[in-house]
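Take the given structure of chain A and dock chains B, C, D, E and F to it, following the hints.
6 protein chains.
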Amino acid sequence: MDHQLSHVRSDGSAHMVDVTGKDTTARTSRAQAVVHTRSDVIDLIMDADLPKGDALPVARVAGIMAAKKTWETIPLCHPIPLGKITVDFEADVDAGTLRVITLVKTKGVTGVEMEALSAVSTAALTVYDMIKAVDARAVITDIKVLEKTGGKSGDWAISEPGDDS
Amino acid sequence: MDHQLSHVRSDGSAHMVDVTGKDTTARTSRAQAVVHTRSDVIDLIMDADLPKGDALPVARVAGIMAAKKTWETIPLCHPIPLGKITVDFEADVDAGTLRVITLVKTKGVTGVEMEALSAVSTAALTVYDMIKAVDARAVITDIKVLEKTGGKSGDWAISEPGDDS
Amino acid sequence: MDHQLSHVRSDGSAHMVDVTGKDTTARTSRAQAVVHTRSDVIDLIMDADLPKGDALPVARVAGIMAAKKTWETIPLCHPIPLGKITVDFEADVDAGTLRVITLVKTKGVTGVEMEALSAVSTAALTVYDMIKAVDARAVITDIKVLEKTGGKSGDWAISEPGDDS
Amino acid sequence: MDHQLSHVRSDGSAHMVDVTGKDTTARTSRAQAVVHTRSDVIDLIMDADLPKGDALPVARVAGIMAAKKTWETIPLCHPIPLGKITVDFEADVDAGTLRVITLVKTKGVTGVEMEALSAVSTAALTVYDMIKAVDARAVITDIKVLEKTGGKSGDWAISEPGDDS
Amino acid sequence: MDHQLSHVRSDGSAHMVDVTGKDTTARTSRAQAVVHTRSDVIDLIMDADLPKGDALPVARVAGIMAAKKTWETIPLCHPIPLGKITVDFEADVDAGTLRVITLVKTKGVTGVEMEALSAVSTAALTVYDMIKAVDARAVITDIKVLEKTGGKSGDWAISEPGDDS
Amino acid sequence: MDHQLSHVRSDGSAHMVDVTGKDTTARTSRAQAVVHTRSDVIDLIMDADLPKGDALPVARVAGIMAAKKTWETIPLCHPIPLGKITVDFEADVDAGTLRVITLVKTKGVTGVEMEALSAVSTAALTVYDMIKAVDARAVITDIKVLEKTGGKSGDWAISEPGDDS
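Residue numbers (the numbering used here), protein chains in the order written: chain A, 514 to 678; chain B, 514 to 678; chain C, 514 to 678; chain D, 514 to 678; chain E, 514 to 678; chain F, 514 to 678.
Treat the hints with care, as some may be off.
Here are the simulated EDC-like pairs of lysine to aspartate or glutamate, each with C-alpha atoms no more than 20 Å apart in a straight line [to be verified]: (1) A:LYS597 x C:ASP562; (2) D:LYS620 x D:ASP536; (3) B:LYS665 x B:ASP531; (4) B:LYS620 x B:ASP531; (5) C:LYS597 x B:ASP531; (6) D:LYS620 x D:GLU660; (7) F:LYS620 x A:ASP531; (8) A:LYS582 x D:ASP531.
In case anyone wonders, no lab produced these hints; they're calculated from the structure.
In isolation and in its complexed conformation, chain A is listed as follows (with noise of 0.2 Å):
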């Protein structure tokens, strides 16, 4: 924690870190969000049934631009080539709950965890967006970081029971 914490400027205002010196080497993270909502609307989500269309390939897409454009929406990322994007979704009808996971890889200097993150909340959100008319209550919730390969912090993952991404 200590070599982080290096980046602190004396007035503690915020600031990009440099990255210059950093080497170039490849990155993955995985990172998932779930929808809490009704059955009922799950059936409508997975039968394409819902009133403003087929959420889940709108989703699918917003999740992968909004992972193009984190550096312009979380103010201190950095903007980094993006190798690959995938966007997959895990319904469980009874739970009245779909799960959105993505994996981003990338090829640069900084880590890619906000894109994955972005992009997951970005999906659920758009899900949010196309289920709202039949339920304005449903709840976005465990948005993290699943796992992490590449970078000088090392590879983690966090166990995920039944996972079969």
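Frame of chain A, contents of chains B, C, D, E and F only:
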């Protein structure tokens, strides 16, 4: 629900629905997101001692700017004028949580739930970006609309125990 | 034509013309673009068997989002609210063509021809992007306004033999 | 074709393909679009006598800016650095046509066909926007890649009778 | 001044102020910026002999586009419709200066001073970009609002000796 | 100067110049802008007592985000990666001035002067937006590059009496 479903196209294809016949009325929406981290990280946030600098003003600006760009980010949202946007934070050091609360007002033809949700999720992601050097495993949760006024679907609010915003 | 030419500045310099005196009225525009490729590629499109995945939902979202950003892309276009956007496709396997048709509605002070044209051209470019691995020599053609209603210049439509949209 | 089709995901879902393993090489692409209007309108364009002002410099800037934003507009395009962009015009008064030709160069991991096509289509749309007060029925056609160099798929060019660009 | 200060929040936090209660009225703003360079550089500008090409049409388009994106660039600005934008230039070869003057009109709920200032500063920066190969030490100065009409705060103008715009 | 002028095209048309043959090297640029207002307004800025809230953190974020978007705003700028961005402020209450100073670092093929200038001018405009309710006649001046390192044109700096940044 029947009324809304009348928007469904015969082939289920996604589209931006017609709002040209809707009335321009005053509308508000309040939404929240919660960042779950550790108590010591909440202290770093509140003391502006994070590696990238003082997190809350950056997250506030990011949330306000994201609200204005909702129609660019969420594919089927309509561009609408926005009249007021606030982004507030409630820290709970013991619980290790930071709650983000947004209020958006407009005089327009659609509600501003998506704008409020975009603001809170972007502000929460920005907080994650500022703290990830000290807690990469923080989780964003409970993103939801708290209250809505104006528009044909009527006013509603969820109960918020101890809400003081 | 005399009336419109009154906008010309004495030095011929480009400018965004004054629309503050124009009435807000309901306006629509329909436009099209045609992608010329091969019959087997049309089959791949319709069967969602392309390398990058299912092309039409992606092109539809791209077209809708492009319509909303027309004022950012076309330098002298005015930002206007948009009330409805649809993007449809008509495949002709024998001819090896895919026709993109867009309808845009607004209640505003300018027409929405540019928005409809931006939608069809961006949707067609997106289709090209999805098929270029199998047909880099595909051609986009016949981008034009099909119909316009509302505004002082009056309603008009071109004849479309066999148009069933 | 087999190689490219290996990108297809089992469920056919759209995704941004992995380019992290591709080599950074010099690449160019030339593309064109043609605006069909009337002879007198071509005269107005060339004489900078149009209502909104001198069209070609505006269309040139719009095309260059669109090339740089291709990854924002076309959902599955990768953001890449761009090294050179030119936008040129060839007017044929008798035919009532204006041809837009773009050259894009990069040193990157993907080709720049989409960037060249975005430039010509946006420049052509901008010309339409400048002339629509005098010819709303103008048509944009023959948008295609003329030539491509660099990358694993090899160099190629279509024959252009009398091309002097 | 008392009235405006009523917007201050108790904790001093930044926010987008409420304009939903304000009247939609016609408003204009004129602003300027001045680029200080050398006489020979002004000649290169006026003769379109600069390395990157003819500077003024590019700067004009950049200024117009920047005015439209003011709400994206300036965090607490409201998105408003814009009705007219002009960008003009006055060269003084002897003084080695280029003055940029913008007029913006709207029918909206806020003034357009920020839009006019964004236009002149972006146009001036674009001129700097075009001349920096021949004068990297050029300076941009005197960015200010010249005149404002409409809105509750009333009309005002600064005196401009010899202003002929 | 001869070298750079070799970029001029025969017809003087604007274009984005070729940088594909340039070396990737470490480069920095420092720039400044100065806001001239009144002493009491500087006090309001430093005490975070302005109507719209605490100005400096908002202006800092606006400046950083503008630096990253320079290639979108300035038509002929190349998109390049950015490695570090800081935005600092120096208030002079007696003089009634606020100086904005930016440092931008990259490892890229072009200099970052335009990025540094975009940051300072946008930060200064944001300050104006925050103070215009109390001083609509504030002026932004002395926008210039202070120092440049890296690249073929060599390092240089202007003298800054008493510069303590």
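Tested hints:
1. Distance restraint check for LYS597 (chain A) and ASP562 (chain C): the Cα-Cα separation of roughly 19 Å lies within the 20 Å cut-off, and the hinted pair is therefore satisfied.
2. Under the criterion of a C-alpha separation no larger than 20 Å, the hint pairing LYS620 (chain D) with ASP536 (chain D) is consistent with the structure, at around 10 Å.
3. Note on LYS665 (chain B) and ASP531 (chain B): the hinted pairing holds, with a Cα-Cα distance of about 15 Å set against a maximum of 20 Å.
4. Only pairs whose Cα atoms come within 20 Å are accepted, and LYS620 (chain B) paired with ASP531 (chain B) is accepted, the gap being roughly 18 Å.
5. For the proposed pair LYS597 (chain C) and ASP531 (chain B), the alpha carbon gap of about 4 Å is at most 20 Å, so the pair holds.
6. Among the hinted pairs, LYS620 (chain D) with GLU660 (chain D) is consistent with the structure: their alpha-carbon atoms are about 16 Å apart, no more than 20 Å.
7. With a C-alpha separation of about 10 Å, the suggested pair LYS620 (chain F) and ASP531 (chain A) falls inside the 20 Å cut-off, and the hint holds.
8. For the hint pairing LYS582 (chain A) with ASP531 (chain D), the CA-to-CA distance comes to about 18 Å; that is within 20 Å, so the pair holds.
This entry satisfies every hint, going by the numbered hints stated previously.
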